[in-house]
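Here the structure of chain A is known, so what remains is to put chains B, C, D and E with the ligands in place on it, guided by the hints.
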Amino acid sequence: MEKQSQRPAYLAQNEVEINPLNKTQVENLPEVSKEAQHMGSFDPTKTLKTDATTKIDVQHTNFFYGAKQALYDVSLPIRDRQVTALIGPSGCGKSTFLRTLNRMNDLVPGARVEGLANFDGFNIYDPKTDVVLLRQRIGMVFQRANTFPKSIFENVAYGLKVQGKPQNVIKERVEKSLHGAALWDEVKDRLNTSALGLSGGQQQRLCIARALAVEPEVLLMDEPCSALDPIATLKIEEMITELVKDYTIVIVTHNMQQASRVSHFTGFFLSGKLVEVASTADIFEHPHHKETEDYISGRFG
Amino acid sequence: MEKQSQRPAYLAQNEVEINPLNKTQVENLPEVSKEAQHMGSFDPTKTLKTDATTKIDVQHTNFFYGAKQALYDVSLPIRDRQVTALIGPSGCGKSTFLRTLNRMNDLVPGARVEGLANFDGFNIYDPKTDVVLLRQRIGMVFQRANTFPKSIFENVAYGLKVQGKPQNVIKERVEKSLHGAALWDEVKDRLNTSALGLSGGQQQRLCIARALAVEPEVLLMDEPCSALDPIATLKIEEMITELVKDYTIVIVTHNMQQASRVSHFTGFFLSGKLVEVASTADIFEHPHHKETEDYISGRFG
Amino acid sequence: MAANSVNVKTENTNTARSIGTRRGRLSDQIARGIFFVCAVLVVVIIFGVFVFLGINGLQMFKDPAARNFFTSSSWDPSADSPSYGALGFILGSVVTTLLSIIIVAPIGFGMALYMTEMAPRWVNALLRPLLEVFTGVPSVVIGFLGLVVLVPWIANIAAPIAPSAANAGNGWAAATLILVIMILPTVVSVSIDALRAVPDSVREASLALGSTRWQMMKDAVLPAAATGLGTAIVLGMTRAIGEALAVSMVLGGDIHLPAKLLTPSVLFQPNINITNAIVLYFSEASGTERNGYFMLGFVLLIISFLFICVSRYIASRSVYK
Amino acid sequence: GSSTGGSTPSTSTPTVAAKTSSINCATGNLATGGSTALGPLVQDAAKAYQAACSGATITTQLTGSGAGLKGAHDGSLNIGSSDNFVSLTKNPEYKDLTDNQVAVVIFSVIISKDVTGVTNLTSAQIKDIYTGKVTNWKQVGGPDLAITVISRASGSGTRNTFEKYILATPETISGANHITAKSSGDVASNVGSKSGAIAYDTIDFATKHSLTTVSIDGAAPTQDNVKTNTYKFWNIEHMYTKGDATGLAKSFIDYVKSADAASLRQKDGFMDLSAVSADAIAAKTPAAAK
Amino acid sequence: MSAQQQISTSVESDERQRLLSLERLTQRLHLKNNIASGILALITLLGALLFILIVIKVLWDGIPYLINPDFYGSTGTGTVGQQIFNTLYLLILSEIILVPIALAAAIYLVEYARQGPLVTVIHFAAETLAGVPSLVLGLFGYLVFATVLHLGLTRLTGTLTLLCLNFPVALRLFEDALTSVAREQREGGLALGSTKWHMIRTVVLPSSLPGIITGIVLSAGKVIAEAAALIFTMGSSNPSNVYTLNPMISTDNLTIHIWYLKTVGAGTIPDNVANAVSAGSAALLIIILLVINIGSRSIGRLIQRKVMAA
Ligand SMILES: Nc1ncnc2c1ncn2[C@@H]1O[C@H](COP(=O)(O)OP(=O)(O)OP(=O)(O)O)[C@@H](O)[C@H]1O
Ligand SMILES: Nc1ncnc2c1ncn2[C@@H]1O[C@H](COP(=O)(O)OP(=O)(O)OP(=O)(O)O)[C@@H](O)[C@H]1O
Ligand SMILES: [Mg+2]
Ligand SMILES: [Mg+2]
Ligand SMILES: O=P([O-])([O-])[O-]
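Taken in sequence, the protein lines are chains A, B, C, D and E. Yeah, the first sequence ends on 737 if you go by our numbering, and it's all consecutive. Yeah, the second sequence ends on 737 if you go by our numbering, and it's all consecutive. Yeah, the third sequence ends on 327 if you go by our numbering, and it's all consecutive. Yeah, the fourth sequence ends on 294 if you go by our numbering, and it's all consecutive. Yeah, the fifth sequence ends on 457 if you go by our numbering, and it's all consecutive.
The shape of chain A in the complex, shown without the other chains (with noise of 0.2 Å):
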């Protein structure tokens, strides 16, 4: 544990509560600690770009379930090749505002949204956008491990297939998108079993594979660990870091730790508003607002 004295005071301070390691597993599994050293080899403030340039602008944004509104005027801009972090108590909306940006949310009926998402020169929120070209080229990897009942490769290629690219592409493309999710190695000699054998990391990583193999210019991310145990988080973390390099990436999650190791920009939401948004270190160290101070030293949430 001699890493918690590298990170900043106020999440030692709450150390115990916004850790979600069950501490009887962890120390049943030797191999954390070996992990857990890795774990500090990356900080995003040394790939900080305050300069960025805006990936996707959006402004103003209102969403409704029917009648309900979840997100009330919600202005944030997504750098280019940054991690940017989302957080906020449960039910504040930071799912419902991810969802906007591939339009995953036209699948809910009565879902409405108003305002600017500013992609490459087109909202994304226009009814004549197309969502299938979006999400293309907006990827999204969900909280629970989605994976086909398919074959492991059949999973990677099916973004690809849907594309019509030609048999030889596909097999390069998949595994490209193995290695940059970190899973080749572990799964290169049964490609062709079924990817419900693997485990729940593994899924997950076989997710974000499968998203990067149609090579989309961001990644949307909602709390793609928290279905999983310490390794396995960690192993996703640190590709995370690996993939900002080329990609833009949003991600959602409960874990403050887990936002301040990856992320470069952080939004805090609450009760559908984006209370602040700023630098990942200015937000856990400096919180311009009251609630997200509250939130970010554990008093609610």
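Hints are computed from structural coordinates only; laboratory data are not their basis. Check each hint, because a few of them may be wrong.
What the hints assert, rightly or not - Below are the EDC-like pairs computed for lysine to aspartate or glutamate, each with C-alpha atoms no more than 20 Å apart in a straight line:
(1) B:K601 - E:D161
(2) B:K564 - E:E170
(3) A:K597 - E:E170
(4) A:K709 - A:E678
(5) D:K236 - D:D283
(6) D:K137 - D:D148
(7) B:K681 - E:D161
(8) B:K597 - C:D34
On a predicted model such as this, the values are computed, not experimentally measured, just so you know.
Coordinates of chains B, C, D and E with the ligands only, in the frame set by chain A:
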């Protein structure tokens, strides 16, 4: 929050963690502080009788769900007219233990219990024990209010009708129990409306009233407040401290503050074993076992 | 420079992508249209059933002789002055349906209660598949058994009180028993579903108050399942009133209602109902009579429609889904 | 659009040897149906025809004469067979049907085995039974046994013939002792199994089920009595088509009438039209059809 | 001291008293419980016995014919080879028409339609149609397919009528099968930029295959068992050559044949032969239904395993 100072030091230290109250919610509800002041008006240490007779003497209990053992050699005395709290991490066997006491586990196919639970001279676990009589003497309140889809009156009268009590007795006892469950004032004008129209907290108190109506000697409560908001929780805790004058109470709780607020004795379970049982103050201030200390200081669970 | 080249690359990919997806979108649109047509087909069919039967059935009222359709029980299309009173047929269907549901309800609920609340596992393992088979058993198989087993048996028993010993086996009694066999599996299955839908917490609540299992069933489970059990009754009746061939095989009647309706012996003589009339006479009827059978079919349609509405209403009031 | 299958059309007088070759084969699907009295002959003829002409598919729905006429009229059948002439007063819409007479059928009144001692009934007695006036066999000279009256549905050609030539009035029987059988075969099987039963059916079914036939007004149901119309309970069998028969329908009807099918007619108890006197035929033919 | 003792004894005896009366009460309750349980068990026993006896009776009467190969022949009286062929023909033809239509409708309702009046209307229509007596559908089929559309009494008319009968049943089962596929799976497909229809084909349909198979098998059971809807639409007799795929001819099937032999066709063949054929056919039908009911589940499970272990 001036109440904090009245609580044991270990609680303040972990206040953030084990307080289940959602602060934002609390801030919206000004009544809380009024109620909270009330909260301090009782102190289980004042009514603690370390020499209270043993109402149920549980000895060397093993419990199996089919092949899976869920309780290992649990021995625990339940003192007459005292509140015994059972704490421990999820899945440690608290509910299982509680449900052996009124043979509720009989309903689980393949369940099997070994050991002795001496209640008034007979062994609760004995297959020949009359479970109907037993359950009339040992009442139970469940985690989620399981109100019948009947009127409020019918709900409370249920156990009395089961016993074939005459109408006038039923009337009187229904009122008395609703008083006892601190619900009378809220429902006296709508006794004949459906119980499902009540709020969660009211339904839970209705279930308590229902259990009280048959005048059991022992009342088992399995996380009776876990689905409730802070105000409803406080009402029920208050009610428990009233009821304990007449009833022997066993309560399972995830909330250690609750245990310390209402119970005289506390038993700590871990992985199906009873690690430690002692007066609540002892458990929280001078735990004898490392695991207990780790648990109450929030290092896992 | 570097940034530029990246942009160009992105644009290329996008054009390729949009071409790839456009084809997909077109097929998506076509598929969607086909699916929509198929889904609406169900509405078209039921609408067609109402319209075609309704129009053909109601046409009978162009014939003044048909005015007594709902007021008389004399059906005699071939008489010199034809009469089209359908009350006799309707009465037959109502009587057999009600009698059968009166018999089936206690047995069905009893079986469902036993199977959900008391039965050892093997009993369910045996009975559930059996019930499912019987829910779909061809009605002619039951009708055949009715003819070769039930009718002679009833004839033996009822001969002394029946007006005609030779025909004592046919009639409403046989039809009712046939219907009991036909609808009991349905009623039991739906009742079991209704009882299963009652959460265990209700059972625990009752038992924890010191009730016996029987009290739990009677006072907690049955009331909580009331709406589901109501649905079971209504579905059973829907099936009973529309049952045709099996009933027709044992009814033995033609177009005449027995003279004395209010004696028990009315159950043990050839008798009539709606479906039997249609099965027997529809294929040779013409003119007003033919429309009359369509009208009878329309009456059945309306009755089953009302039953469905009632069951939907009951289900919508259920506490537990 | 008739086509001539594989066999050569022949106009020569058929001989037993040239039996199959004399059928003027047509192909296609032919739905026939109606009279259950004529049923056995149509079924046998269909079988023989299909055996000879591989391209023909013929089905026979035995649902009663009324159903045959209705089916021919509304198009669900290509040929509707009937024991009666179409009654245009009752069904004016059937004027589109063309009559093809194919044979003569003999009906009989039959009683069950336990009705002993009854060999003759007067038409008045039969009428009393079928109008419910007489309910016990002893009233008509039989044993003390309740009469179980078996009828046919009102569309039945057998029943219409019975009402017209024997009762001279519609049946009015109803009640517990009365049942309605569903076809000629069903009548026979019911008379065979019910005690004290009386019914009317073709002589063919009566013979095949070895049932007791009775003389009516002293005349026994024999071919000779029919030829002279001494015995009244017989009728002409018709195969109606919508408009003139063409193609397979025409070919099949021709076959049923033809000398080729004579043995079939004989086997199933039918008489050739030519065997019956012109007077007798005229007596059965309504004025409108002449 | 003594006063205290007295109080405590009186309290104790009160307590005893209460317990004794409670004990008496529960004895009574147990008695009632046992009586009621006995009655329920008896009712169930009788009900079960009824069904078991019917099955035994049918099998007992029928199996002697089933094990006789002549029974399946097609010449002479007392054979059902033709009826078995017709049953299979009808089964396959109606499934070929039914499955794509019902599946398409289910896909529309589950995947495309927005929750709203249209879906409510469709569901209500389906439920109503499912409740329409099959005889009434037979009248409808006669009117529309046989007469208005001039299809006559043919296999095709019968099949179309069966479609009306089975549509709501299959629709319901297919909808259940589709909704059983997790929303996350669908989102997974869409988030990869697949169009909806492509996603349905590649994600939803393969995953819901077990449920779809169950739906097909159960609706097959209904086709096999149906007779009332067919007697006015398909007829009840066979041409000499039923072994043809021609949909424009009129035929019967096993169930119609049983009905026919005991009603309209009674007396055309000897009663004992008719009973033998009916008994044999009834046994055959019961066996088929038993197999279908037990089989549909195991087939579903088998497919599930196959799909999951792709
Ligand atoms: N399909 C829906 N229909 C109606 N309301 C919804 C729907 N999905 C979410 N909501 C509501 O919208 C609000 C925001 O939900 P959202 O899922 O975005 O929260 P979240 O921040 O992701 O929470 P969590 O951390 O629990 O995932 C909540 O109040 C939720 O109840
Ligand atoms: N019906 C059952 N069949 C098999 N195992 C069971 C059953 N109920 C509980 N268990 C197992 O027994 C163990 C103890 O469960 P129990 O419900 O008593 O825990 P608990 O302490 O009440 O947990 P919680 O705080 O989550 O309610 C757990 O491992 C649980 O998975
Ligand atoms: Mg979320
Ligand atoms: Mg528990
Ligand atoms: O020959 P029929 O069936 O009409 O009597």
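Hints, one by one, checked against the model:
1. Taking the CA atoms of K601 of chain B and D161 of chain E, the gap is near 18 Å; set against the 20 Å cutoff, the hint holds.
2. Restraint check for K564 of chain B and E170 of chain E: satisfied, since their Cα atoms lie roughly 14 Å apart, inside the 20 Å limit.
3. The hinted pair formed by K597 of chain A and E170 of chain E fails the criterion: a straight-line CA distance of about 73 Å is larger than 20 Å.
4. For a cut-off of 20 Å, the pair hint linking K709 of chain A to E678 of chain A is broken: about 31 Å separates their Cα positions.
5. Distance check on the hinted pair: K236 of chain D and D283 of chain D sit about 12 Å apart at the alpha-carbon level, within 20 Å; holds.
6. Among the hinted pairs, K137 of chain D with D148 of chain D is consistent with the structure: their alpha-carbon atoms are about 16 Å apart, no more than 20 Å.
7. As the CA atoms of K681 of chain B and D161 of chain E are separated by approximately 18 Å, the hinted pair is consistent with the 20 Å bound.
8. Proximity of K597 of chain B to D34 of chain C is assessed by CA-CA distance (about 62 Å); at most 20 Å being required, the pair is judged violated.
Checked against the numbered hints given earlier, this structure breaks hints 3, 4 and 8; the rest are met.
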